[in-house]
Amino acid sequence: MQSEKQRIVQRFVKGYLSLLAMMLFILTVSLVKGAGWKVLLVGAPLFVTLFIGITYQLAKEVRTLKRQNSVLPK
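Numbering (my numbering), first residue to last: 1 to 74.
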């Protein structure tokens, strides 16, 4: 079951990196246009919501994996 755990971790690392990349892209466009970094404050509720959503899904999948491992005979 280590491979299943690795797949889950890889998926969520990609999710967190995608969120970071989205924030950096918005910041870069904003700085190039001369608007400054405050645009991230406007988008902060969205970023926080996405972060919580990714984290919640990660916890849910890890909990499901643990439950499956405890049911399976060793």
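Keep in mind the hints are simulated off the structure, nothing from the lab.
Glycine included, C-beta positions come from ideal geometry on N, C-alpha and C.
One or more hints might be untrue.
Each computed SDA-like pair below joins lysine to any residue, with the alpha-carbon atoms no more than 25 Å apart [to be verified]: (1) Lys-14 to Ile-26; (2) Lys-14 to Glu-4; (3) Lys-60 to Leu-19; (4) Lys-66 to Ile-54.
Per label pair, the in silico range of CB-to-CB distance [what the hints assert, rightly or not]: (5) Lys-66 to Leu-31: 41 to 47 Å; (6) Ala-44 to Arg-67: 31 to 37 Å; (7) Val-71 to Ala-35: 52 to 58 Å; (8) Val-39 to Ser-3: 28 to 34 Å.
Each hint tested on the structure:
no. : hint                         : result
1   : Lys-14 to Ile-26             : holds, 18 Å
2   : Lys-14 to Glu-4              : holds, 16 Å
3   : Lys-60 to Leu-19             : holds, 19 Å
4   : Lys-66 to Ile-54             : holds, 18 Å
5   : Lys-66 to Leu-31: 41 to 47 Å : holds, 43 Å
6   : Ala-44 to Arg-67: 31 to 37 Å : holds, 34 Å
7   : Val-71 to Ala-35: 52 to 58 Å : holds, 53 Å
8   : Val-39 to Ser-3: 28 to 34 Å  : violated, 41 Å
Comparing the model with each earlier hint shows a violation of hint 8 alone; every other hint is respected.
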